[in-house]
Amino acid sequence: MANKVYVVGVGMTKFEKPGAKDWDYPDMAREAGTRALEDAGIAYDAIQQVHVGYVYGDSTSGQRAVYELGKTGVPITNVNNNCSTGSTALYLAAQAIRGGLYDCTLALGFEKMQPGSLTSHFDDRTNPMLDHLMALAELQEFSLPAAPFMFGAAGREHMERYGTTLEHFAKIGFKNHKHSVNNPYAQFQTEYTLEQIQDAPMIYSPLTKLQCSPTSDGSGAVILASEAFVDKHGLADQAVEMIGQSMVTDMESTFTDNSAQSLVGKEMSREAARQVYEQAGFGPEDVAVIELHDCFSANELITYEALGLCADGEAGKLIDNDDTTYGGRWVVNPSGGLISKGHPLGATGLAQCSELTWQLRGTADKRQVERAAQAGGIALQHNIGLGGAVVVSAYRRA
Numbered sequence: 001m002a003n004k005v006y007v008v009g010v011g012m013t014k015f016e017k018p019g020a021k022d023w024d025y026p027d028m029a030r031e032a033g034t035r036a037l038e039d040a041g042i043a044y045d046a047i048q049q050v051h052v053g054y055v056y057g058d059s060t061s062g063q064r065a066v067y068e069l070g071k072t073g074v075p076i077t078n079v080n081n082n083c084s085t086g087s088t089a090l091y092l093a094a095q096a097i098r099g100g101l102y103d104c105t106l107a108l109g110f111e112k113m114q115p116g117s118l119t120s121h122f123d124d125r126t127n128p129m130l131d132h133l134m135a136l137a138e139l140q141e142f143s144l145p146a147a148p149f150m151f152g153a154a155g156r157e158h159m160e161r162y163g164t165t166l167e168h169f170a171k172i173g174f175k176n177h178k179h180s181v182n183n184p185y186a187q188f189q190t191e192y193t194l195e196q197i198q199d200a201p202m203i204y205s206p207l208t209k210l211q212c213s214p215t216s217d218g219s220g221a222v223i224l225a226s227e228a229f230v231d232k233h234g235l236a237d238q239a240v241e242m243i244g245q246s247m248v249t250d251m252e253s254t255f256t257d258n259s260a261q262s263l264v265g266k267e268m269s270r271e272a273a274r275q276v277y278e279q280a281g282f283g284p285e286d287v288a289v290i291e292l293h294d295c296f297s298a299n300e301l302i303t304y305e306a307l308g309l310c311a312d313g314e315a316g317k318l319i320d321n322d323d324t325t326y327g328g329r330w331v332v333n334p335s336g337g338l339i340s341k342g343h344p345l346g347a348t349g350l351a352q353c354s355e356l357t358w359q360l361r362g363t364a365d366k367r368q369v370e371r372a373a374q375a376g377g378i379a380l381q382h383n384i385g386l387g388g389a390v391v392v393s394a395y396r397r398a
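Just so you know, the working numbering puts 81 at position 81 of the sequence shown, and the rest follows in order with no gaps.
Heads up, a few of these hints could be off.
Below are the DSSO-like pairs computed for lysine-lysine, each with C-alpha atoms no more than 30 Å apart in a straight line [what the hints assert, rightly or not]:
no.: 1; residue 1: Lys209; residue 2: Lys366
no.: 2; residue 1: Lys14; residue 2: Lys209
no.: 3; residue 1: Lys17; residue 2: Lys178
no.: 4; residue 1: Lys17; residue 2: Lys209
no.: 5; residue 1: Lys366; residue 2: Lys21
no.: 6; residue 1: Lys232; residue 2: Lys4
no.: 7; residue 1: Lys209; residue 2: Lys178
no.: 8; residue 1: Lys71; residue 2: Lys21
I should point out that these hints are in silico values taken from the structure, not numbers from a laboratory. Keep in mind the model is a prediction, meaning the values are calculated, not measured.
Hey, can you work out the whole structure from these sequences and the hints?
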C-alpha cells in the first residue's frame, strides 16, 4: 500500500517579464525555496531528496540553484519536461514519499527566459515536436510561432465541430486577467474589458495576444512529507494531502484520432484525470477549485472537457453560465492562470500547487474560494507539456 503524501511547505517568487528585474536563476530559487522552508517551519537539512525543474539552462543548474539553500550532499536531479516540468519535479518528489524511500522531499522549479515567442535552441537535431507539427499542418493552416498555431488549431477545430465562438475564448482571457488582479505574484495584474481582449492583436485565430501566456521569469518550490514526518514535526494544521496523482504521455490516439485537440494533449489530459478520480474516489463534481494549464485560452476550453467538467462540445455552455469563476460550480485559475500570472516553464506546476495549497488552507486572501477552505474541500491541478506529458494532481486539506 502506498504511503500518504502531504504538502507541508510552499513558496514562489512574483513572476516577472524577462529582463524586468535584475536577478538570476539562483536568486529566484533562493527566494522561492526559502519561502517554502519557512512555510514548513523546517531547515534545509531536513530535506532528503530534491528534484529541480527548468527547461532553459545548462546541466546541473539545479544543483547550482539549490546550493543557495544549503549543501548537504542529498540527491539532486535535474528535470526537463517542457511546460509540465514543474509538475514533473513534483511527481518525482511525491513518488519518493509514496514509495517509502524518503520522508521529506523538495520539488523546485525556475526559469530565466528570453523575451518573445518560444523558439528551438537546437537546430542540428530532430525537433521533438516535428511529428506533432506535421500532423497538425495536415489539419489546419500552418503558421509560426508554433505554440499559438498548435493551440489555435485546436480551438479552430472545436469551433468547426461544436459551434464554439470567438467570444467563448475571449471570455476565458477576460476571466483570468480579472482573477489576477488579486494575485500579488502575477506578472500581469490588470483587468481588461471583454472588448479589449477581443480587439487585442490577433496572434493566430481565435487567439488574441491577451489570450496567450507570456514568457516569464520566476521560481516555485513545494516541500512534501510523509505522515510520519508530519506527525513528528507537528505540521498537521497546515498539511494538505495529495490524494491522487497521475502522469500520462502521448498515446497512439494522439496521432490516430485525426484531431488537433488530441495533438495538443486533450486525450492525455482526459486519461490522467480519469486515473486521478479513480485513485481519489471522487469525481469532478466534488472539486471546488482548479488550477489548469491555460497556456492559451483554447487549451483552457478543451481542458474543461478533458477533466470531465462537461461533455465534449459543451465547454461553451460552462463559459456562458459563468460556471468556472467565483459564484459558479468551480473557480478555475483563481491565480490568473498562465495567461495572466505568467508561465516560467519550470516553475508553473509548482506555482499551481502553491495556489491550491493556499486555497485549501484558507489563506488565499482576496482570491479565496470559500468552498475550498471548508471541511473536505478538494482541489485539482492540471499541467501539460507538449511532446508530451501531462500531470494531474488532486489535493484535500489534511
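Each hint tested on the structure:
Distance check on the hinted pair: Lys209 and Lys366 sit about 26 Å apart at the alpha-carbon level, within 30 Å; holds. Our distance criterion of 30 Å between C-alpha atoms is met by Lys14 and Lys209, whose separation comes to about 21 Å. For the given pair, Lys17 sits about 19 Å from Lys178 by alpha-carbon distance, which is consistent with the 30 Å threshold. Between Lys17 and Lys209 the alpha-carbon distance is near 15 Å, which keeps this suggested pair within the 30 Å criterion.
In summary, the hint linking Lys366 to Lys21 is supported, as the alpha carbons are separated by about 26 Å, within the 30 Å threshold. At most 30 Å may separate the alpha-carbon atoms for a hinted pair to count; Lys232 and Lys4 meet this at roughly 15 Å. For the given pair, Lys209 sits about 16 Å from Lys178 by alpha-carbon distance, which is consistent with the 30 Å threshold. This hinted pair checks out: Lys71 and Lys21 have alpha carbons roughly 27 Å apart, not beyond 30 Å.
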